[in-house]
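**Student:** Chains as they are written, first to last, in our numbering: chain Y, 1 to 301; chain L, 1 to 347.
Do not take every clue at face value.
Here are the simulated DSS-like cross-link-like pairs (lysine-lysine), alpha carbons at most 30 Å apart as the crow flies [as the list claims (entries may be wrong)]:
#, chain 1, residue 1, chain 2, residue 2
1, L, 66, L, 20
2, L, 66, L, 3
3, Y, 279, Y, 252
4, Y, 165, L, 125
5, L, 125, Y, 213
6, L, 125, Y, 219
7, Y, 165, Y, 283
8, Y, 165, Y, 213
9, Y, 279, Y, 165
10, Y, 270, L, 125
11, Y, 154, L, 291
12, L, 125, Y, 154
13, L, 247, L, 125
14, Y, 248, Y, 279
15, Y, 219, Y, 165
16, Y, 279, Y, 154
No lab work stands behind these hints: they were computed from the structure.
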Amino acid sequence: MAETLNNLREPQADSPESASLVPVPASEAASQEEPPLEDPRLSDVDEWGRSEHMREIARRVYDPMYRYWFRAEWEGLENIPTDGGALLVANHAAAIPSDAPVIIHGIETELGRPVYGLADQLFRTMPVIGVYWARLGGVVAHPDNAYRLLREQKQLVLVFPEGSKGPAKHYSQRYRLRRFGRGGFVEIAMRAGVPVIPIAVVGAEESMPIVYKSPTLAKLLGLPYFPITANQLVFGPLLGTVMYFPAKFRLKVLEPVYFDVPPDQDRYSKSRIMDESEKIREKIQEALYDMLRERRSVWFG
Amino acid sequence: MGKRVLITGLATFWGGLVAKALEQDPGIDVLVGLDTREPTVELERTEYVRTDENYSILSRIVRAAKVDTIVHTFLVVDSTMMRARTMHEINVIGTMNLFAAASQPGSAVRSVVVKSSSYVYGAAKEDPVWFTEETPRSHPPRRRVERSLEAVEGYVRDFALDNPHVNVTLLRFSNVLGPDIVTPLSRALELPLVPKLFGYDPRFQFVHEDDVIRSILFVLERELPGIYNVAGDGLLPWTEVAHIAGKRTIPLPPIGATWAAQPLRLFGVELPDELLDLLRFGRGVDNRRLKAAGFRYHYTSAGAVQAFVEAVRLRHAVGSTQPTYRYERDVEQFFRHSPAVVREGDP
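Next comes chain Y alone, as it looks inside the complex:
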């Protein structure tokens, strides 16, 4: 919001008209609109907590990881609209999910559009991590937040309908999609009148596979799951917690799914929602199997 205000104000001051001595008649719209209020902001942190400045730094730092470690390759990027809201839906994996940064970085660099990632409120409660999570585009997955981002601000929003059940999978369950929640993402897309764009991600599962889970420790620490990862066994307990295996990432953007329903309704048919949700889940699952059939190596794709 602050940014739009600044954008409205600054070009006028710089434009040659304002410097001329002859009074230039204000445009019709400008004379009716109130002048924008003074908004003495010092940072570019938006209402969601995202900062384009921080994203810029993060993109610079993360780019080598994206390019040379995961060697991410996209297919079907043209399915993501260059303007207007859309809900991106992907499969979710790895003990500390590596797919979210890859998707967000990829779209922001390839399409030049910001992406907001909906995630569990758990992030918001974590000191330090929570602040950076928000600055880098993390938003609490609340239907009101999603609606505003999609319908009113026409942004790209990424969500993993599996929630924490995706990353919490044991390695033996890799690439088998969990339940897509209760289909809330379909309902939000219907209400916001935006398409759902499914994305199938291959590579995340192998970047940090879970070999053992401790429900006791998870409960004790208040976490959804507490994993022991293969990375920790290979790289040691400290480095292994943050270091991914260099699995080759392939991302396939599938055809957008439009729902032929009017937006802004109070209620949508629950059975229709569950149907659509299941259809999208199956599409991603099939695409994953196709991609895995073609994959010759975990590391080289």
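Once you have looked at the hints, place chain L on chain Y.
**Tutor:** Just chain L now, kept in the frame of chain Y:
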């Protein structure tokens, strides 16, 4: 015939300012102000009536003065100002008695404006970034201010339902900053180091004190029924608020923050739990409903912070800019009622 207005909490910051502003309105015949303490601003024609905390004489006043409009500004939002019991008496029992008086048979009351706070929304990890007037809380209230305000709003709702002929407006203000008002947050921002919670940098929203007064006058004039959030545009991180104030921050431990904040009392700053919640999760309220009704804000959230900071700088340079005023009963009686005073409109 003009309006006959009753203002509760005349001695509070808001009551005094609202009374002062309403005195300029020629459409208002009678202004009566209630409080337990004497007014702190100089008033021209507002009649001050001293009451006890819970307004036991209220029904007599409403009847005798044939009050048709009530502006209920006497709601305590700053829990550091008084003990829990006193706050309960003022907020809950006071509001209950106020509405009992307003709905008694033969009451002339046709319009009520209540000044509530966005604290009724709470601040929790599950919360959306923006609360609209309809967004429910994500948890039942735990803080005493929130509990107290929720009870008050319950009475407001009941009163509105029972008295459909009365225009009831409920305003929920976000945190106020400005040149004159003193709140725990403004005190915290005047410290050499501004306290924050380590590892948290939530987004805050502010409303300028002028916009608060203007919004009260606005809904009074338009007789807008319903609930309205009143808050400046935009949210800004707490560290940015401190930076606008030209201050560095000092982190408090996020665990056991209630105790960690205790030493700040030595510097005259008390951070109650509801504020520590805000310093953890922040809160935004959607101000578009009041805007849609035609209200124009003069300040954004950052603008309110800026105005506050500039006033602080001025105070540091020239000392207090507020003329001190002491209520003297005899003097006030003379100006209001003595035949020796020539009043406008007199023959």
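**Student:** All the hints need checking, so say for each whether the structure fits it.
**Tutor:** Hint-by-hint comparison with the structure:
no., hint, in the structure
1, L:66 to L:20, "holds, 21 Å"
2, L:66 to L:3, "holds, 10 Å"
3, Y:279 to Y:252, "holds, 17 Å"
4, Y:165 to L:125, "holds, 20 Å"
5, L:125 to Y:213, "holds, 26 Å"
6, L:125 to Y:219, "holds, 19 Å"
7, Y:165 to Y:283, "holds, 19 Å"
8, Y:165 to Y:213, "holds, 13 Å"
9, Y:279 to Y:165, "holds, 19 Å"
10, Y:270 to L:125, "holds, 27 Å"
11, Y:154 to L:291, "holds, 22 Å"
12, L:125 to Y:154, "holds, 25 Å"
13, L:247 to L:125, "holds, 27 Å"
14, Y:248 to Y:279, "holds, 27 Å"
15, Y:219 to Y:165, "holds, 15 Å"
16, Y:279 to Y:154, "holds, 25 Å"
Against the hints set out earlier in the document, no violation occurs for any number.
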